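K.L.:
As a plain string of letters, each chain reads:
4 protein chains.
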Amino acid sequence: MRDEWVFDELNEECGIFGVYDHVDASLLTYYGLHALQHRGQESAGICSTDGTQFLYHRNMGLVTEVFNTETINTLTGSMAIGQVRYSTTGESRLQNAQPLIFKYREGNLAIATNGNLVNAEPIRRQLERNGSIFQTTSDTEVIAHLIARSTYDRVEDALKEALSMIKGAYALLIMTDDTLVVAQDPNGLRPLCMSRLGESYIFSSETCAFDAIGAEYVRDVEPGEMIIIDKDGLRSTRFSGPARRATCSFEFIYFARPDSDIDGINVHKARKRLGKQLATEFPVEADVVTGVPDSSTSAAIGYAEATGIPYELGLIKNRYIGRTFIQPTQELRERGVKMKLSAVRRVVEGKRVVMIDDSIVRGTTSRHIVNLLRAAGATEVHVRISSPPVANPCFYGIDTSHREDLVASKHTVEEIRQMIGADSLSFISQEGMLEAIGRDSTAYKRGFCTACFDADYPTEIYEDTIKPYLKN
Amino acid sequence: MRDEWVFDELNEECGIFGVYDHVDASLLTYYGLHALQHRGQESAGICSTDGTQFLYHRNMGLVTEVFNTETINTLTGSMAIGQVRYSTTGESRLQNAQPLIFKYREGNLAIATNGNLVNAEPIRRQLERNGSIFQTTSDTEVIAHLIARSTYDRVEDALKEALSMIKGAYALLIMTDDTLVVAQDPNGLRPLCMSRLGESYIFSSETCAFDAIGAEYVRDVEPGEMIIIDKDGLRSTRFSGPARRATCSFEFIYFARPDSDIDGINVHKARKRLGKQLATEFPVEADVVTGVPDSSTSAAIGYAEATGIPYELGLIKNRYIGRTFIQPTQELRERGVKMKLSAVRRVVEGKRVVMIDDSIVRGTTSRHIVNLLRAAGATEVHVRISSPPVANPCFYGIDTSHREDLVASKHTVEEIRQMIGADSLSFISQEGMLEAIGRDSTAYKRGFCTACFDADYPTEIYEDTIKPYLKN
Amino acid sequence: MRDEWVFDELNEECGIFGVYDHVDASLLTYYGLHALQHRGQESAGICSTDGTQFLYHRNMGLVTEVFNTETINTLTGSMAIGQVRYSTTGESRLQNAQPLIFKYREGNLAIATNGNLVNAEPIRRQLERNGSIFQTTSDTEVIAHLIARSTYDRVEDALKEALSMIKGAYALLIMTDDTLVVAQDPNGLRPLCMSRLGESYIFSSETCAFDAIGAEYVRDVEPGEMIIIDKDGLRSTRFSGPARRATCSFEFIYFARPDSDIDGINVHKARKRLGKQLATEFPVEADVVTGVPDSSTSAAIGYAEATGIPYELGLIKNRYIGRTFIQPTQELRERGVKMKLSAVRRVVEGKRVVMIDDSIVRGTTSRHIVNLLRAAGATEVHVRISSPPVANPCFYGIDTSHREDLVASKHTVEEIRQMIGADSLSFISQEGMLEAIGRDSTAYKRGFCTACFDADYPTEIYEDTIKPYLKN
Amino acid sequence: MRDEWVFDELNEECGIFGVYDHVDASLLTYYGLHALQHRGQESAGICSTDGTQFLYHRNMGLVTEVFNTETINTLTGSMAIGQVRYSTTGESRLQNAQPLIFKYREGNLAIATNGNLVNAEPIRRQLERNGSIFQTTSDTEVIAHLIARSTYDRVEDALKEALSMIKGAYALLIMTDDTLVVAQDPNGLRPLCMSRLGESYIFSSETCAFDAIGAEYVRDVEPGEMIIIDKDGLRSTRFSGPARRATCSFEFIYFARPDSDIDGINVHKARKRLGKQLATEFPVEADVVTGVPDSSTSAAIGYAEATGIPYELGLIKNRYIGRTFIQPTQELRERGVKMKLSAVRRVVEGKRVVMIDDSIVRGTTSRHIVNLLRAAGATEVHVRISSPPVANPCFYGIDTSHREDLVASKHTVEEIRQMIGADSLSFISQEGMLEAIGRDSTAYKRGFCTACFDADYPTEIYEDTIKPYLKN
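So the sequences go chain by chain: F, D, H and W.
Going left to right, the first sequence walks through residues 1 to 472 as the working numbering numbers them.
Going left to right, the second sequence walks through residues 1 to 472 as the working numbering numbers them.
Going left to right, the third sequence walks through residues 1 to 472 as the working numbering numbers them.
Going left to right, the fourth sequence walks through residues 1 to 472 as the working numbering numbers them.
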């Protein structure tokens, strides 16, 4: 499970959740978003409808901070969608909190998305030229405008038309006064799955949210599939022909909760296999295996199992750090005041330590952890990373920051090893990684997106797409 | 000055304030809105610009609750507009908090308004039919869409085009990245005035906000006038030809702060004259004159001066009641627990009391006050009202509630007297009221709107306008 | 009514309120404290008992901020006492919030007081020498220790013994598991009065709180009287023989709410008489009379009635200023940004103004107001003060700050006039003031304390008493 | 590491932390308490002194909620003590937040403790009989009164006298204006250890807090030892002769953070040995080992290592649950809405699962977890507990609730197995547990308290001690 407070880490954009036809629709959405909290801690929002009006509540903060019994009780009705969000842009962040809600000629419309479009900017410019006004900087508003300007009246037709114009990565939930529409991008970059709870239909970014509410998993939504549910029942249709399947590989490596399954593969078990694969590719003589909590624990256990080196809690994370934590001054930091991670002296002192982490982005965190372990008496520190080097920016909703900041974009593994001060450093091979996750061996790259490793982007990329990722 | 907590009262919609070219633009706007707080206690908002980006903060609550030093400091730049708002609609109220901020083809746009349009609904339907989506239920968003869809590029031309389509009562401030545009409706229904502070231009709904910041009053904005200020200086133009002047008479009677001037007439002094006129029209033998605090104090002092009956504090208002006040249960209320107003026994016991109030809307408050006075020992209670009977709804931004609820729409003065339990009841005559306020004696109805008294509406009224004011 | 935000003003310490035998004891106490809010805005607290346990809630803030329905509902039981407090001492202020609650050998004990002891320090030293530990810096804790160390078991006997040792000004309410005890100091310096609500007994610092809950005033508590109420009913006894009656005269001049009565005299009417007396003693040719809101309004109306000069709203107070108001920078203040008070130009421009205020403490506020009036165009400003010059510190619970800061302690009236920049300045005479308030003409100084005017302190004063009032 | 939200669990009372002579004393205490947060989440407090005055801040909530930069900055001075607290008593909880602060004849006194006295009640009765008044229900206030009433002037002498009267479990920090005094009870029931940071002395309940601030561990405080630090340096003395060493065994099993050392033994490693010992004593044929997060993870890894059965994440805890989480209704709970723990279907489905937990208190949680695993498809669930059955209440500061509620006090292991629905259930043997922890093999019970397992209490127990643990 990923971390709550983030400095030198990859950050997903969102988790989404939707309920069709349940008397406690907004409360179930609350529990669902709560289970998806790891996918976005910046803002949370739910919109419900009783068939005539839209009720909603959105705010900055964790799900448990944004909602209380009182607010949930005001969100009446049997249909609801919600979103948790991590956002990187500073200004006007509350405005971008989802679901976005609009009124248009056919009535009310709410949208919750996960992902990022690669051609939002030119479409937005076109819309503005035709007199549209925008209230957010979110891609999602573009979709709403395209629906509103469609010549089709039915939301599903209008959405199909809109999706034919947009490109990128997205899982989306759209709610009107009487219909829930669900869609996933043609490459299947962002996860989305379906379940039943009695007569109700439930959709979620991850299956762990189904377990939280006792819903029964049905299947993952297909790339390019659109599902429409209204009083006549559920219909599935395709808005896009066959495209390369390209699930984000970091969902397995890092983002998803270990108890979630993606395409029927359990995430924790996939991570253990990544650890075992790492052990096969890069064994080392050592006394102790430890993982960076919490996301690398599974891989570390896998590495330990495969090598027979005992797994120990060599690093401890303080769980109570939050947004209100008083950061130590530089002086205190230099004198040894730690914040989030501590190395456990009795475990690592005098020991050769294998430290498993899921990725290296800028390298500063890795250097910090290696330092912690050495200061606690480790005689050797061998770093093993359960993903290949991240050398290219992601344009599909993962915050990899500027390309220049990606240490692997400009340095060899040996250079990185020196920078982080490890005795040895190895990254899992891309082929080993794909095999360890273990999906469909016949598909191109086993159906995964590997663009951040090898720049093999599954969609078109434009100048407008790249610009925000360049340093000025 | 009007009351903060409102049950059976008239409620204005808003106060607006804008600053062009001052290093502390947002802080001045804060002080200005603070001085206009009596015009709207539900939400407050400020938007500033530094020429490239728009910074804004809006929330539910009083100005001092919505803003602190930190938030004001983030609102950098030398131009700012703000609004305080009273809103009657329940749902999604934060969404309607102003200034509304949009991005359109020419850049950023912020709008703050006071008033109400009478043809917003059909324009909105037209816009939606052409693919516009709406995020608020506010009239103001209609204006933004009309600007965005205009074929003109300059905001002043686009606004002029937009204003040619809308009808109703409005004072408005529009801010782009480099220009401030100010306009008042052709009838001059809602007040708006201009001042200078050094080189800066300042606009406000009332002059009391100029006094609060030490700005020098220049003049009131003219009906149908549009003022544009940019780097080339200030230009005044007209977007509408001559129309009947129709200032809201309740601005003098009730809404405006007593220390404000409207068209050069001080509000407190006008109210004292209303009290004197009442004394002339409806004298009575009595021992004590008292006013309903705070809005009727001036009129009561005028009545006392004219009649020689001493003015006393016969009614006291608890100033500390707020939104968080625990309301007494029905049982406690019946046993005598009071909330907001108390009658002062030692002042009224055994006395014949003249009680001055500014208006009667539903009559329930008046009955309550008469009861308070009697319970405190008043032997007679003579009620004198410094406005004529309110018998018709206002469509220009005053919340007079449903027509059926206006007691004067269905009852004679004598019937109302019986309902409120007074020994006598008199309303000032309409002619006496207009004369007492004392403006331009040559104009039609001295340049005032009297529609709520006599249904003589200065603009067209449509079915769509009236619908929301009818009980279903 | 006094002001909520205080710079150069006199500040009372507290208001107290108690209920014996009412099913809604804590809710009534809430309403009572709310009506007494003007006597203390820093903290509020209520303690109730159901006969076995004490329930309480205290915090910094206004009554409506400290309590909500939830907290009041936890304060069950039919007996309750509460306090609102203004406190001048900085450190550990929450600790001093009352009621203070203790456990001692006889059970629970809660105390709420208003006033100040003049010999608390030596008693405290004695108690500490005998092993007592203190948790507050409040005088009131001394009383609790004296009760706990008494050889008497009954709280009334123990309290009688304790009161025989303490000297000073106090009104106090003491609650045990089954008994309510009420006492006033032998000189009657601080007000306290009694009422009935059905079968219940209610006590309050001022009668306005009785009006707020519909309770029927019975009588003021006598100086040196102790009242005990338990299951056997009410008993009155005296703990002190006859002493000089010395009610604080500033209760009439400034502190009490105008709708309260003290010893059967209405405060508003007493203030009007003070204004009339001022007019008799110090008439002046002028065009307008205005009062500093809110506390001087009554006196100003009295002055206007006596002289025939019209009363006008020449000064306006912004009611929405609160603790969270962003103070203007020095620079903005010099440029004219006002905070609390504004002068109304249309009222005072070109006019000779009589400005009535209730007192001058340091003189800085008066100078500020005179400046405001002149800047708004007043041609002459004549200041009339409805109390004699305050030249001596109060040791009985009024915060007159250091003696050196009292402008009248070192300057003549003419010097003060020059300092505040008035055209003329007059203070009411002490005799005129006492006569205007109008109580018992046969008593020494009509039964009032005048120590802050003439240093005639009704109790002994010790070195320990004076020390905190000297600047070091 | 123990859990943050607690239903059917053991709860420690406190963690304490103190700093002598550091310029950032209160900030270091903040970081120290933050590292000790797992020992108490209900309230937090810090008191510092600059040699003349005591500054303090205490409130309900987590350390990061109670303190911010502003509050820490007000806590000036180079000496500070603090406490985090878990408290079971409902009423007046803020009053019991520590450090308690008193004024007594020698000046200021602050106390922070961890533990529980067994004879506080009779001492308290004696003190009250002699006129002491109490403001809290805390044992700690008794110690303060004993110090205040001592005939000795020096705090260390007075404390020595006080400790000669009290019995029970305690680690305590006492701060006066110039001295820090530290003491541990004669049996060493509650942990306390010492470190240096440059010239400063630092004390803490656990060593993990030293790691957090970079302080160097020196040694554990000895049972019956008192340490005094003032301007003359550090002195160690004994206030009690030799007694049976009886460290709380649950510190190793459950309470302490896994990265802490107690008496030089790392807690995580001790837990792994407990798991291995369990495997030796109670092996089972199974497919998967899983631990109840987070406290049983180490033991589960040990069990897996010893048996060769793979360790998997079969149970997941939602980390974002907090006090504000909306609890599911009974109906939703029955329909499958989970709160804190989820079983991972892909991991346990069709598998024989060994589930390791640290203890069984009432048994309801164990039953719940067994149900979760079965519902997720586990074919067999074998429960292994890393402590012996808890059959007796703890009187030394651990909240074991009423004796009747301890399932092991009335039921055999087989009965408990049936109640929780496991296929097999085994508790580690007491001897095995003591050996696995691995301390001094020559001491009686290896120097551990085992009272909750075998009722062998290391101190006297009185009727007053037992009473609160009986159900009425």
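Don't take each hint at face value.
Intra- or inter-copy, both count: the list cannot distinguish identical chains.
[Unchecked claim] Once the Cα atoms are required to be at most 27 Å apart in a straight line, the calculated DSS-like pairs of lysine-lysine come out as: (1) K340 <-> K317; (2) K103 <-> K317; (3) K276 <-> K317; (4) K167 <-> K103; (5) K317 <-> K467; (6) K276 <-> K467; (7) K467 <-> K103.
No lab work stands behind these hints: they were computed from the structure.
Only a predicted model underlies this, so the values are computations on that prediction, with no experimental measurement involved.
K.L.:
Please sort K467 with K103 into within, between, both or neither, judging by C-alpha distance up to 27 Å.
P.N.:
Classified as between; 20 Å across copies, 32 Å inside a copy.
K.L.:
Are the CA atoms of K167 and K103 at most 27 Å apart within a copy, between copies, both, or neither?
P.N.:
both (25 Å within a copy, 23 Å between copies)
K.L.:
Tell me, please, which holds for K317 and K467 at an alpha-carbon limit of 27 Å: within, between, both or neither?
P.N.:
Intra 36 Å, inter 40 Å, cutoff 27 Å: neither.
K.L.:
Within a copy, between copies, both or neither: where do K276 and K317 come within 27 Å Cα-Cα?
P.N.:
both (24 Å within a copy, 25 Å between copies)
K.L.:
For the identical chains here, do K340 and K317 meet the 27 Å Cα criterion within one copy, between copies, both, or neither?
P.N.:
Intra 5 Å, inter 19 Å, cutoff 27 Å: intra and inter.
K.L.:
As a check of your reading, is K276 near K467 (CA-CA no more than 27 Å) within one copy, between copies, both or neither?
P.N.:
neither (39 Å within a copy, 56 Å between copies)
K.L.:
First find the shortest C-alpha distance between K103 and K317 inside one copy, then the shortest across copies, and answer within, between, both or neither for a cut-off of 27 Å.
P.N.:
Neither: 46 Å inside a copy, 40 Å across copies.
Checked against the numbered hints listed earlier, the structure breaks hints 2, 5 and 6; every other hint is satisfied.
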